[in-house]
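Using the hints, position chain B against chain A.
Here the protein sequences line up with chains A and B, keeping their order.
Numbering-wise (the working numbering), the first sequence opens with residue -16 and increments by one.
Numbering-wise (the working numbering), the second sequence opens with residue 2 and increments by one.
These aren't lab readings, by the way, just hints derived from the structure by calculation.
Here the structure is a predicted model, which means the values were calculated and not measured.
Beta carbons are placed, not taken as given, at the ideal position from N, Cα and C, and that holds for glycine.
Keep in mind that a hint or two might mislead.
Examples of chain A residues lying across from chain B (beta carbon under 7 Å, computed) [said to hold, decoys possible]:
1) S59
2) P62
3) A66
4) M70
5) S119
6) R127
7) E132
8) L234
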Amino acid sequence: MAGWQVGQVPGAVAMILNYWPRRLRGLVATVAFVGGVILVAAMQQVRLQPNAQWTGWLLIGLFTALMSFSLRKRLSSLPIGMAATWMQWHVWMGFAAIGIFHVHVGWRLPVGGFSWVLWLLFWAVSITGIIGLILSRFLPPLLRTVGNEVIWERIPEEVVELHDEAAGIVQNNLAKSEGMVLAGFFFDRIGPWLRRPRFMWLGEGEQRIQRHFINLSRLVGDDLREAVEDLEVISREKMLLDRHYFVQGILKGWLFVHIPCATAAYAAAICHAAIELWFRS
Amino acid sequence: MSTDFHEIARPQRWDVAFDPDLTPEEVERVLSLPLFAGMDKGKFPRSMPLDGIVRNDCAVRRYGDKQMVVRQGDYGSSAFLIVSGQVRVYLEGDISDEDLGHTAVKNKSLLRQVWRSLVPPVQRAPGHLLAVSGGDERGEVLGQASIQVFFQDLPLTTKRGDPPPVMSAGTVFGEVSALGRAPRSATVVADGPCEMIEIRWQGLRDLRAYDKGFKTYVDGLYRERSLQGDHFKTLALFAELPESAHELLQQGAVFESHGSFEWSNAFKKSRKERLQNAKAAVAVEPVIAGEGGDAEWFYLIRAGFARVCHRVGAGEVTSRYLSKGGLFGESTLRAMFDGRSPRYRSTLRALGYVDIIKLPIALVAKLVKENPKAAAQLRQTGNKQDSAHDQGHQQPLQAEVMEYGTAERLYNGTSIMTIDLDRCTRCDDCVSACSRAHGGQPRFVRHGQVSLGFLFPNACMHCQDPVCMIGCPTGAISRNSDGGQVVVNDQTCIGCSTCANSCPYENIRMVERRHLGTKVVDQKSNPVVQATKCDLCYDQLGGPACVRACPHDALNRGDFAETLALTERRKGN
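Just chain A, same shape as in the assembly (with noise of 0.2 Å):
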């Protein structure tokens, strides 16, 4: 897109457009316009009128745009803008909408049932959503230093494959002196972990598995060192799948938990705007 030339809008506007950070041209946009709602708000009282109808209506508005969110996903191939500018968007507009919420209800606590559900709806999608952008912006990181990218639909599969490779292992080495030993430590120490993806981040993994296994050592001789040895690679590996599947599955669950709220919330607030429109009439 083309940049605002100097000449066209002020010179410190189109500094701002074009040049200052996308986050901070973001915050002071939302700063200003939720500024403006207060201000207006605050003169309509000083003046005795009310307001909490068109602040309404605004909150109607902002939730159709953030839920609008969710539509253009789905829409995904239509030429309808960057999904990444939706995005952010979503996210300052969001913002504003907690600020005008408060107006809306006058800075104070909900009176009545169906009052306090939607305020209780408004903020569990208002945390849930802070805390899903906290995550997107702090896990992907913390999932690079995992390493060995994997997709999670995928996780259950390979888990599944290195269980069986490592029972393939076991199974072969029954007839050494000391197979039995080597299989009851897979069943009783690997072999319940390995057969399905945990939802965890093992703190000091690493080392937990090795202590495992120099303990193993000790137990089996030297024909079994590189059965134990590929049992060790396979527990790392799985390490790193649960690893991924706890991560990738915090990024995909805040998700499950946001999305049903803001249904809700909105479905709420449509309700909220018709019985106030009935009793109004």
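Just chain B, lined up with the frame of chain A:
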């Protein structure tokens, strides 16, 4: 009764002739032309007879006066033999872009895009396939109805003031583009009514393979024409030189090819060895000019790629890579200006395959020295290159990507997909968007090699040198003439896997054809497959769906230079 599969005849090469209307009489007439009459039919294998090539890979084309035959800048995959009449040749700049009608991709439709995103998954209509009981429907679909463009006012002279060169009966043209997988370098216009034989590149390749005389003739033309044109004038270093200097450069120029034209197979096979022994992998690349050696030549890359590297310890570090239009020897020129001995400061190696034009460095030094603007240009580019030369020491991060990209031949890509793993939340919106844009079948997998926190997924890079096109027997994989994207034609893909096997980056997948949710099989009940790959959403509004769908700005597409800049920007600070 419902069936679990849809049976068709297994697609074959030559199912669809290049010119379905070519009659047996015309085939005989073509075979009697001097170029074909001299060929020894016995040298052609039984599976690939000469008359079969003519019947299936050639087309008879007739053009009216001032009708455009090929357009400069278009990607062509065929060569032409003039049977009668003559044509005029216009090089870049002789005819304006507007007159040439260079336009954006047509046939984009929002409505179709909406429909495609709503229809249920994988509906590949088999109407174009050869049903067991059906006729050759694919020929009709393909229909060689070429767009006819006539010029009203053609320039009488070229931009150099000369009349445009003329080619007459018996001449072959278009081979540079057909063999080099490159855009047409000239616009060719019929000068009066003329008749031509258009040979698609698969046929050209087979004729070259089985007839020595034809190979010698075509290769000679390729070399000769590769030296023609304004290669030097388009370069900043030579742009200010007078016409007389350009003539001297043209006279002194020598054309050479290094490496293997079909480099991809060897590259693919050596993947494991490259990872284990990077030093040996570099050592097998042919040296064009060696570091420290006496400098005799100044090099210009005509096509393909070359690596510029310098010795560090017992190995070599890559300073930069050169593609079409790249120069080697500028630092030597500067050294000569400073009174130092003319030696190469770096080594120039062919990466896979490279066509070069070399010029006597003493001549270049003399001409540049005589022209103050050219000398200033040399100094200016020199500063940049000197910093690139030391890149390995100064910017380790970018240098690492450079080594990785050069080793993995990423510089070949014009639209490399990169995913910044520090931003990617693994939501797979990119894959979903791709799937929705392509009837439920994603054209890439979010899986591939990782380097410096960037994932390089297995998505087609739309290479400058698309080696996947080399072996395609039907020409199903080709460049889109508008944007140059490498695309697969579902209608002519016979599922032979040649392109998938040729792609050095494993970015082409073979998938089973399906019709209304059921498998398509041949008469032996074997599944019929077809090649599928990223097409960069070339026929859709808004560009690649994957890029548009990423909510975190993690996915990018760009050439290698842009990828280098991106890694530096994202990770370097």
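Evaluation of the provided hints:
Satisfaction of the interface hint for A:S59 is found here, the shortest Cβ-Cβ separation to chain B being roughly 4 Å, below the 7 Å cut-off. Against a cut-off of 7 Å between C-beta atoms, the interface hint on A:P62 holds, since the closest Cβ of chain B lies about 3 Å away. Against a cut-off of 7 Å between C-beta atoms, the interface hint on A:A66 holds, since the closest Cβ of chain B lies about 4 Å away. Using the Cβ-Cβ criterion of 7 Å, the hint placing A:M70 at the interface with chain B is satisfied: the shortest such distance is roughly 4 Å.
Because the smallest distance between the Cβ of A:S119 and any Cβ of chain B comes to about 5 Å, under 7 Å, the interface hint for this residue holds. Among the interface hints, the one on A:R127 holds; its C-beta lies about 4 Å from the nearest C-beta in chain B, closer than the 7 Å criterion. The beta carbon of A:E132 comes within 6 Å of a beta carbon in chain B, closer than 7 Å, and the hint placing it at the interface holds. Restraint check, A:L234 versus chain B: the minimum CB separation of about 5 Å is within 7 Å; hint holds.
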